[in-house]
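Given the sequences, and given the hints that come with them, work out the whole structure.
As you go down the protein sequences, you meet chains P and F in turn.
Residue numbers for the first sequence follow the working numbering, beginning at 1 and rising by one.
Residue numbers for the second sequence follow the working numbering, beginning at 242 and rising by one.
Among the hints, erroneous ones may be present.
What the hints assert, rightly or not - Partial list, derived from the structure: chain P residues whose beta carbon lies under 10 Å from chain F:
(1) A61
(2) T62
(3) L80
(4) D83
(5) S86
(6) F88
(7) A90
(8) R91
(9) N92
(10) Q99
(11) E110
(12) V114
(13) I118
(14) V172
Stated by the list, open to error - List time: in silico DSS-like cross-link candidates among lysine-lysine, alpha-carbon distance up to 27 Å:
(15) P:K82 x F:K256
(16) P:K149 x F:K452
(17) P:K183 x P:K149
(18) P:K149 x F:K248
Stated by the list, open to error - Listed next, with one range per pair, are the computed distances between beta-carbon atoms:
(19) F:A511 x P:P122: 19 to 25 Å
(20) P:Q194 x F:R608: 37 to 43 Å
(21) P:D14 x F:I555: 53 to 59 Å
(22) F:R610 x P:S24: 21 to 27 Å
Calculated from the structure, these hints are not laboratory results.
For every residue, glycine included, the Cβ atom is placed at its ideal position computed from N, Cα and C.
Here is what each chain is made of, one letter per residue.
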Amino acid sequence: MSTAIATTGVVCRDLVKDYGQGESRIRALRGITVDIHPGELTLLVGPSGCGKTTLISILAATLDATSGTVDVLGSRLNALTKDERSDFRARNVGFVFQQFNLLPAFTAAENVAVPLMIQGMPRDQAIARAEIELRTVGLEDRLHAFPAKLSGGQQQRVAIARALVHEPHLLVCDEPTSAIDAKTGHLVMTLIRQLARSPERVTVVVTHDARVFGFGDRMITLEDGRVARDERVQAPVSNPE
Amino acid sequence: MIWIALKMLTGDRSKYLAIIFGITFSCILIAEQSAMFCGIMMRTTSQIRDVHDADIWVMNPNVRFMDDLKAIADTAFLRVRGVPGVAWAVDFYRGGAQVQLEEGNYQGSMLFGVDDSTLVGAPQQMILGTIGNLQLPDAVLMDEAGYRLLWPDEPLRLGRTFEMNDRRARIVGIFKGSFTFATQPVIYTRFSQATQYIPQYRRSLTFVLTKCAAGESPETVAQRIQQQTGLKALTRDQFGWMTMMYYLAKTGIPVNFGTTVLLGFIVGCAIAGQTFYLFTVENLRQFGTLKAMGMRDGKIVRMIFIQALTVGSIGYCLGVGLATALGLFMQWMRPIMSFFLPWQVLALTAMAVLFIVLLSSWISVRRVRVLEPAVVFQA
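As C-alpha cells, then:
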C-alpha cells in the first residue's frame with residue numbers, strides 16, 4: 001500500500017452510502033464526486049443530516065461506502081480488508097473529534113501516546129514523543145493531567161496533539177469547535193490551519209459553525225447527500241491573532 | 242496493549258472493584274462449601290485412615306461402607322493368615338457401645354477392639370498414657386474430642402471410670418484421633434475386652450486387618466484373599482473410596498453442598514458477568530476511539546480477555562485466600578468444623594472462575610466486534 005502523498009490526496013467518485021435495508025433504507029450520500037488536495041484546509045459544511053459526518057467517516061476509512069470509489073493517499077479504500085483499513089488508519093489518519101474522545105483513565109501524555117503504541121512503539125518512547133507534541137500545542141504544564149482536570153480548550157488541544165503525534169497524511173476534524181467557547185475555538189482553528197499548510201497533509205474539517213468558515217481555503221457544501229457548492233473561501237482569515 | 246487494557250480497567254475504580262467483588266464472593270462460596278464438603282467426606286473415612294499398620298481390610302462380603310457392620314466368623318483371621326502373600330492378619334472389632342457415666346448419663350460411642358497380643362490397629366497419636374496400658378484390666382483409650390464431649394471444661398485425666406454394658410472401663414490413655422462423621426467418643430480396647438462391652442452375639446468379629454508380605458502388592462493380595470476365603474478384601478484406599486462413594490450416592494450431602502456451590506457459581510456469573518459486560522458497554526466509545534485510531538479487532542479482543550483474566554485472577558486469589566482464612570478461623574473457633582481444602586477444590590474453583598470470566602468477556606467481545614469505528618463521529 002502506497003502512503004506517498006498524491007497530488008490529489010482524496011478522490012471520491014460517485015460515492016453512495018445507504019443505511020438500513022428495504023423500506024427502512026436511508027440514502028445518506030447520493031453520488032458524491034469530489035477531489036480534496038493536500039496543503040489546504042477543506043471545510044465540509046451543510047445543514048444537519050446532509051451527509052457531512054458520513055462522508056468524513058468514509059474518507060477516514062471508518063465506514064464502508066455502499067457504492068462508488070474512494071482513493072485516499074493513493075490507496076483504494078474499497079479494496080482494503082478490515083485489518084488493512086485499521087492499519088491504514090493507524091499510519092495515515094489523525095482524528096479530532098467533536099467530543100474529544102480522550103480516554104478518561106489516561107493522562108494527557110498517555111492519551112497522546114496511544115496512536116504510537118497502537119503502531120507498536122514502546123510505551124516510554126511513545127510517552128516521551130507525546131510530551132514533545134503536547135509542548136507544541138502549548139500544554140507543557142498539563143502533561144500529567146487527566147482529561148477531567150482539563151478545560152474544554154485544553155482537551156481539544158490534547159486531541160489535536162494525539163491526532164498529529166504519528167504524523168498522519170490525512171487529518172479529519174469533526175466539529176472541532178462545537179464543544180468549546182468562541183475564543184478557544186478561534187485558537188484551535190488557528191492551530192488546525194497552520195497544520196493544514198503542510199504540503200504533505202490533507203486536512204478536512206466538518207463544521208456548521210459559521211465563525212470557522214473564514215479559516216478554510218475551500219468550502220464544500222453538502223445538501224441532501226449531494227455536493228451543492230464547492231468554492232474557494234473568498235477572504236480567509238490571514239492572521240487570526 | 243496490555244498496559245492500555247489494564248489502565249482502562251483500573252481507571253473506572255468502582256466497576257473494577259465491583260467485578261472483583263463478584264468473583265471473590267463467588268470464589269468464597271464455591272471454595273468454602275467445597276472444602277466443607279471434602280472435610281465431611283474425609284470424616285467418613287477417618288477410622289480407616291487412623292489404622293496405619295494394615296494394608297488390607299477383610300470383611301463380610303455385604304459390607305458397603307465403614308459403619309455398615311456385618312460380622313464374620315471369629316476364626317476368619319486364621320483363614321486369612323493362610324493366604325499366600327499375607328505377612329500377618331489380626332482380628333479387629335468395630336461396633337457401638339453405650340457409655341454410662343458415673344452420674345447416670347448415657348452416651349453412644351464407637352468401640353474398637355484391637356488384637357489382644359499385638360494391639361495392631363490401636364491409635365498412634367497419644368496425648369496421655371501409652372498404647373501398652375491397654376494390657377491392664379478394664380483398660381480403654383479414649384479420643385480427646387470424646388473426652389471433652391463427656392466431661393466438658395474438665396482437664397484431661399487418666400484413671401476416670403465409666404461403664405459399658407454394666408462392665409467397668411478405666412481410661413488409661415487419651416489420644417488425638419481424626420474427627421468422625423458421627424462425632425461420638427471413640428474408644429479403643431482389647432478385642433476380648435470389647436466383646437464384654439457389647440451384648441453377646443454368635444459372631445463378634447467385624448474386620449480382619451492384614452499386612453502384605455514384603456514385595457507383595459496389596460491389590461493382588463486382596464484379590465487372592467477374596468478368591469480363597471470368599472470374604473471381601475480391600476486395600477485401605479479402596480475401602481476409603483467405597484465408603485465415600487456410599488455417602489455420596491446414598492445421602493443428601495452432595496446435593497446440599499452442590500446446591501450452594503452452584504448458587505455461588507450463578508451469583509458469580511450474574512454479578513461478575515453483568516458488571517463486566519456493563520463495563521465494556523459503557524466503554525464502547527473508548528473502544529470505538531481505539532478502533533478509529535487503527536487498533537485491530539484482534540488486539541481489542543485480546544485486551545478484553547486480558548481485562549477479564551486480570552479481574553478473574555485477583556478475584557480468585559482474594560476469594561480462595563478469604564475462604565481459607567474463614568475456614569481456618571471457624572475451625573479454630575469450633576474444632577468440630579470440617580474443613581479440608583485439597584488442590585482439587587482449588588482447581589475446581591479456578592475452572593469455575595475461568596468459565597465466569599471467559600463467558601463475561603465473550604459476551605462483551607461480541608458487542609465490541611460489531612462496533613463500527615465510525616461510532617466516534619456520533620455526538
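Hint check:
Interface hint status for A61 (chain P): upheld, as the beta-carbon distance to the closest one in chain F is roughly 8 Å, under 10 Å. Contact between T62 (chain P) and chain F, as hinted, is supported at the beta carbon level, the nearest pair being about 4 Å apart and thus within 10 Å. At a threshold of 10 Å, the smallest CB-CB gap from L80 (chain P) to chain F is about 12 Å, leaving the interface hint violated. Using the Cβ-Cβ criterion of 10 Å, the hint placing D83 (chain P) at the interface with chain F is satisfied: the shortest such distance is roughly 5 Å.
With a least beta-carbon distance of about 5 Å to chain F, the hint placing S86 (chain P) at the interface is held under the 10 Å criterion. Here the hint on F88 (chain P) is kept, as its CB sits about 8 Å from the closest CB of chain F, short of 10 Å. Taken as an interface hint, A90 (chain P) checks out: its beta carbon lies about 2 Å from the nearest beta carbon of chain F, inside 10 Å. A cut of 10 Å between beta carbons decides the hint on R91 (chain P): the least distance to chain F is about 7 Å, and the hint holds.
Interface hint status for N92 (chain P): upheld, as the beta-carbon distance to the closest one in chain F is roughly 9 Å, under 10 Å. Hint status for Q99 (chain P): holds, given a least beta-carbon distance of 7 Å to chain F, under 10 Å. Given hint, E110 (chain P) at the interface with chain F, holds; its Cβ is 7 Å from that chain's nearest Cβ, closer than 10 Å. Against a cut-off of 10 Å between C-beta atoms, the interface hint on V114 (chain P) holds, since the closest Cβ of chain F lies about 7 Å away.
Satisfaction of the interface hint for I118 (chain P) is found here, the shortest Cβ-Cβ separation to chain F being roughly 5 Å, below the 10 Å cut-off. For V172 (chain P), the interface hint holds, the least distance from its beta-carbon to any beta-carbon of chain F being 9 Å, beneath 10 Å. The hinted pair formed by K82 (chain P) and K256 (chain F) fails the criterion: a straight-line CA distance of about 31 Å is larger than 27 Å. Annotation: proposed proximity of K149 (chain P) to K452 (chain F) is violated, straight-line Cα distance about 78 Å (limit 27 Å).
Distance restraint check for K183 (chain P) and K149 (chain P): the Cα-Cα separation of roughly 20 Å lies within the 27 Å cut-off, and the hinted pair is therefore satisfied. Taking the CA atoms of K149 (chain P) and K248 (chain F), the gap is about 18 Å. The hint holds against a cut of 27 Å. In this structure the hint that A511 (chain F) and P122 (chain P) lie 19 to 25 Å apart at CB is violated, the actual value being about 40 Å. Between Q194 (chain P) and R608 (chain F) the CB atoms are about 39 Å apart, so this pair conforms to the stated range of 37 to 43 Å.
Between D14 (chain P) and I555 (chain F) the beta carbon distance is about 54 Å. The supplied range of 53 to 59 Å therefore holds. Our hint of 21 to 27 Å for R610 (chain F) and S24 (chain P) holds, since their Cβ atoms are close to 24 Å apart.
When each numbered hint is compared with the structure, violations occur for hints 3, 15, 16, 19.
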